[in-house]
Structure formats: C-alpha cells, structure tokens
Amino acid sequence: MHHGLHYGLLVMGAPYSSPAPHSALRFAHAIIARGHKIAGVFFYHDGVHNGASLMAPPQDELNLHEAWRELNQQHAIPLDICIAAALRRGLMSESEAQRHGQPAFNVAPPFELTGLGQLLDLQQRADRFITFA
Amino acid sequence: MMLHILTKTPDSSASIEMQQAVGEQDSVLLIEEAVSAALDPAWAVWEQHQSRIFLLSEDLIARGLASIAVDNELPMLDMDGFVALTEQYAKIVTWY
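If you read the sequences in order, they're chains U and W. Count the first sequence with the numbering used here and you get residues 1 to 133, in order. Count the second sequence with the numbering used here and you get residues 1 to 96, in order.
Any given hint could turn out to be false.
[Claimed, not checked] Pair by pair, the computed Cβ-Cβ distance ranges are:
1. W:Ala42 to U:Glu94: 53 to 59 Å
2. W:Ala21 to U:Leu120: 19 to 25 Å
3. U:Ala76 to W:Gly64: 36 to 42 Å
4. W:Gln88 to U:Arg88: 35 to 41 Å
5. U:Leu116 to W:Ala42: 41 to 47 Å
6. U:Ala56 to W:Pro75: 55 to 61 Å
7. W:Asn72 to U:Pro103: 53 to 59 Å
8. W:Glu47 to U:His100: 52 to 58 Å
9. W:Arg63 to U:Gln98: 41 to 47 Å
10. W:Gly23 to U:Leu62: 42 to 48 Å
In case anyone wonders, no lab produced these hints; they're calculated from the structure. Just so it is clear, the structure is predicted and the values come from calculations on it, not from any experiment. All residues carry an ideal CB built from backbone N, CA and C; glycine is no exception.
Please take these sequences and the hints and turn them into a complete structure.
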C-alpha cells in the first residue's frame, strides 16, 4: 500500500459531450477516499467548459461545474483552467472580460484562469499524473 | 512499468496505438467507450495481457454491459481498484 500520494489530474473533455469530466470527478473522490491528496486539477482543450459558471443542466442531472466547486470547497483542491483555451471558447473571468471589453463573464473562483506553466508545475509536483480525455 | 488507460473502443486508432506500446510488465485499464471490449471475449488483447488487463465496472454498469462481462469471465475493477492500480505505477498514459 502506498499512502499519501499526490495526484494531478488533467481534464480535456467537455461536460455532457465527453465522459472524461465525470470519470475524472469520480476518480477524484476515489483518490480522497483512499487517503491520498489531489495537488490540482487542470482543465485544457474542451475541458475548459467545466469551468462555465452559467451551466444549467436539468435538475435531475449532475451539474458538473457545481460538483467541481464542491470538491474544491471540501478538499481545497485548485481548479486551474488554461487561459488560452478558455478565451478561444468564450470563457472569461471578470478581469479578462473587462480587458476584452466584454459585457459579461462566466468564470469565477474557485476556478482560476492560468497558463500552461501551471500545468507543467502540476506535472512535476504530482506523484501520479492522469489524463482524462 | 506503466499503466495504460484506454478510453476508446477496441477497434479505434487509440487502441491500436496502445497495443503497440504495452510492455510485458505493464497493465491496461479499459474505461468509458473501451468497456465495449466486454462484448468480444475473443479479442486477442485479453490473452496477451492476461491478469494485467481490467474493465472499469462503473462504466460497464453505465452501459449495461456488466452482466456480459461477468458471463464472459472478464476481469473487472471498481473506482477504488482503479486508484489502487495507479498506486502501483508511477507512469500512467491515457490513450484517447
């Protein structure tokens, strides 16, 4: 048995079109249940859509955005979104929306827009790094 | 030593690429679309990597394939088993 490993997760699929986010979320809960830690989750490519705060699926369906937020609240896990991938797909924080002269924003804490340096840092810090795509 | 995670069907290009890369001490975990491998117990990869290849049971159940996997006596792991497998392998690659 290995105890106290640090995991890094990379999520590359969009909610409701790819099974990847749901797999990653279930895996994240299983990691914690086995006594390990999650160093961070990085959302890249279509995975950035997990950070869309205006997501409003029917009430009998899992709200993946809300589920990631809860994971962050319960276990203080960083949720980082690739800023370049996000801007391309119309996802912006309040400060980015101001910078681009946009009237609205749809990325808010605990999700943070960040660069690929953060991904490389997570890959280096984590004992185990797993891609969900 | 490496853990290979396949997310696409057994006949996908991701699967073909993975099959060329799996070493003798490696393990294989089939998740998401890859659990459709349960429908084909004659798939050569089952025997090639015997005792080192597994289906994710949650994804079998979600796709209505769990009883077929049981009938075909194919090896399964649940999410907890998935994490346990990642404890054994420092290197993990996902094929998609």
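Do the hints match the structure? See the list:
1. Checked against the given bound of 53 to 59 Å, the beta carbons of Ala42 of chain W and Glu94 of chain U, roughly 56 Å apart, stay inside it.
2. Checked against the given bound of 19 to 25 Å, the beta carbons of Ala21 of chain W and Leu120 of chain U, roughly 23 Å apart, stay inside it.
3. Between Ala76 of chain U and Gly64 of chain W the CB atoms are about 37 Å apart, so this pair conforms to the stated range of 36 to 42 Å.
4. The hint said 35 to 41 Å for the Cβ distance between Gln88 of chain W and Arg88 of chain U, and at roughly 38 Å that hint holds.
5. Separation of Leu116 of chain U from Ala42 of chain W is about 43 Å and conforms to the stated range, judged on CB atoms against 41 to 47 Å.
6. For Ala56 of chain U and Pro75 of chain W, the Cβ-Cβ distance of about 40 Å falls outside the hinted range of 55 to 61 Å, so the restraint is violated.
7. Between Asn72 of chain W and Pro103 of chain U, the C-beta spacing of about 56 Å keeps the proposed range 53 to 59 Å intact.
8. Look at Glu47 of chain W against His100 of chain U: about 56 Å separates their beta carbons, and that is inside 52 to 58 Å.
9. One distance hint, 41 to 47 Å for the beta-carbon pair Arg63 of chain W and Gln98 of chain U, holds here, with the actual separation near 45 Å.
10. In this structure the supplied range 42 to 48 Å is violated for Gly23 of chain W paired with Leu62 of chain U, their Cβ-Cβ distance being about 37 Å.
When held up to the earlier numbered hints, the structure conflicts with 6 and 10 and fits the remainder.
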